[in-house]
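**Student:** Take the sequence shown: its position 55, counting from 1, is numbered 54 in numbering that gives the first Met the number 0, and each next residue is one higher.
Hints should not be assumed to be uniformly reliable.
[What the hints assert, rightly or not] Taking lysine to aspartate or glutamate pairs in the EDC-like style, the calculated list, with each CA pair at most 16 Å apart, reads: (1) Lys-24 x Asp-152; (2) Lys-79 x Glu-150; (3) Lys-216 x Asp-245; (4) Lys-62 x Asp-77; (5) Lys-78 x Glu-150; (6) Lys-79 x Glu-149; (7) Lys-78 x Asp-152.
[Stated by the list, open to error] Label pairs and their in silico Cβ distance ranges: (8) Phe-242 x Ser-36: 21 to 27 Å; (9) Tyr-158 x Phe-104: 22 to 28 Å; (10) Asn-111 x Arg-71: 20 to 26 Å; (11) Tyr-262 x Lys-223: 43 to 49 Å.
Just so you know, these hints were derived from the structure itself, not from any lab. Just so you know, these numbers come straight off a predicted model, no measurement behind them. Here a beta-carbon is modelled for each residue, glycine too, at the ideal position from N, C-alpha and C.
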Amino acid sequence: MLGIVQGLTEFIPVSSSGHLYVLPKIFSSSQFLSSTSFILFLHLGTLLALLIYYRVLIIKYIKVVFRYLKNRNPVGEDKKDTVIVRNILIATIPAGLIGLIVDKFLTNIYDNQITDKNIAFIIVAIPMIIMGLLFIFEKSFIRNNKKSIEELDIKKSTYVGLSQALAFIRGTSRSGVTLLTGQLNGLSRVSAAEFSFFISIPIITASSLYETFQFLKDSSDFSKDLILAYLLGAIASFVVGLFAIDFLLKFLKNRSLAFFGYYRVYFGVFLIFLVIFK
0 MLGIVQGLTE
10 FIPVSSSGHL
20 YVLPKIFSSS
30 QFLSSTSFIL
40 FLHLGTLLAL
50 LIYYRVLIIK
60 YIKVVFRYLK
70 NRNPVGEDKK
80 DTVIVRNILI
90 ATIPAGLIGL
100 IVDKFLTNIY
110 DNQITDKNIA
120 FIIVAIPMII
130 MGLLFIFEKS
140 FIRNNKKSIE
150 ELDIKKSTYV
160 GLSQALAFIR
170 GTSRSGVTLL
180 TGQLNGLSRV
190 SAAEFSFFIS
200 IPIITASSLY
210 ETFQFLKDSS
220 DFSKDLILAY
230 LLGAIASFVV
240 GLFAIDFLLK
250 FLKNRSLAFF
260 GYYRVYFGVF
270 LIFLVIFK
């Protein structure tokens, strides 16, 4: 179930980390299944979904990088693709650096210091509702968002990258905050979504590989059932993630983020309801 949730919510802007953090607590599941370790391991599935869905473009961009390193004078299609790769790299750096600084601190808070599930519900509900309201009123403050990724300059790419760091707060949604920031900097909804997907690849790769290494190192301490849970979760997130990417790109061609905003607000209110009427 959690693998399916990860596959859906990693790309659809409703916060995968927020859902994966509170759902085991709602159903009184093992605390380990809401841990940062398990959440990041599930990202392996959605990372693989991204790599497969965009395999043609990813290979194309890798070749462009090698051609650029060889002659340093891209022309035509290569010039446009070189700018896209530059923007992806620039947007990746801020969140990566911030992640190195705050990762252990936030992991300790979420996994060890917040033991009361009611507090967990509240700290996820607040960013859920705030981002949901921004989605609902998206059209009132976003204008002239028709650019494609290669039209972003270095400064605007950096802004989008910095916004990605807010996703370390569970309930925010990395795809959601970068979708909004991308549009605020002129990108169309579809271009903002694709830029969000591309800049997530390096960070998800680094964090997932690290957790996989930790998992393999400590696997002797895990039961066979727990290892199976990890693997099944990653497989489920991969399969569902492929469909979620395709769905979101088609959805955003003609629709705003308001639909997801209403869901976020309702889910956030539901979490508060659980605290009040426990």
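**Student:** Now tell me if each hint is right for this structure.
**Tutor:** Evaluation of the provided hints:
In summary, the hint linking Lys-24 to Asp-152 is not supported, as the alpha carbons are separated by about 43 Å, beyond the 16 Å threshold. With a C-alpha separation of about 9 Å, the suggested pairing of Lys-79 with Glu-150 holds against the 16 Å cut-off. For the given pair, Lys-216 sits about 35 Å from Asp-245 by alpha-carbon distance, which is inconsistent with the 16 Å threshold. For the hint linking Lys-62 to Asp-77, the alpha-carbon distance of about 10 Å falls within 16 Å, and the restraint holds.
Taken as a hint, the Lys-78 and Glu-150 pair is honoured in the structure, with Cα atoms around 12 Å apart against an allowance of 16 Å. This hinted pair checks out: Lys-79 and Glu-149 have alpha carbons roughly 6 Å apart, not beyond 16 Å. A hinted pair counts as satisfied when its Cα atoms are at most 16 Å apart, and Lys-78 with Asp-152 qualifies at roughly 14 Å. Between Phe-242 and Ser-36 the C-beta distance comes to about 26 Å, which sits within the given range of 21 to 27 Å.
Separated by about 24 Å at the C-beta atoms, Tyr-158 and Phe-104 satisfy the suggested range of 22 to 28 Å. For Asn-111 and Arg-71, the hinted distance range of 20 to 26 Å is not satisfied, since their beta carbons lie about 49 Å from each other. At about 36 Å, the beta-carbon gap between Tyr-262 and Lys-223 misses the expected band of 43 to 49 Å.
Hint violations for this structure: numbers 1, 3, 10, 11, all remaining hints satisfied.
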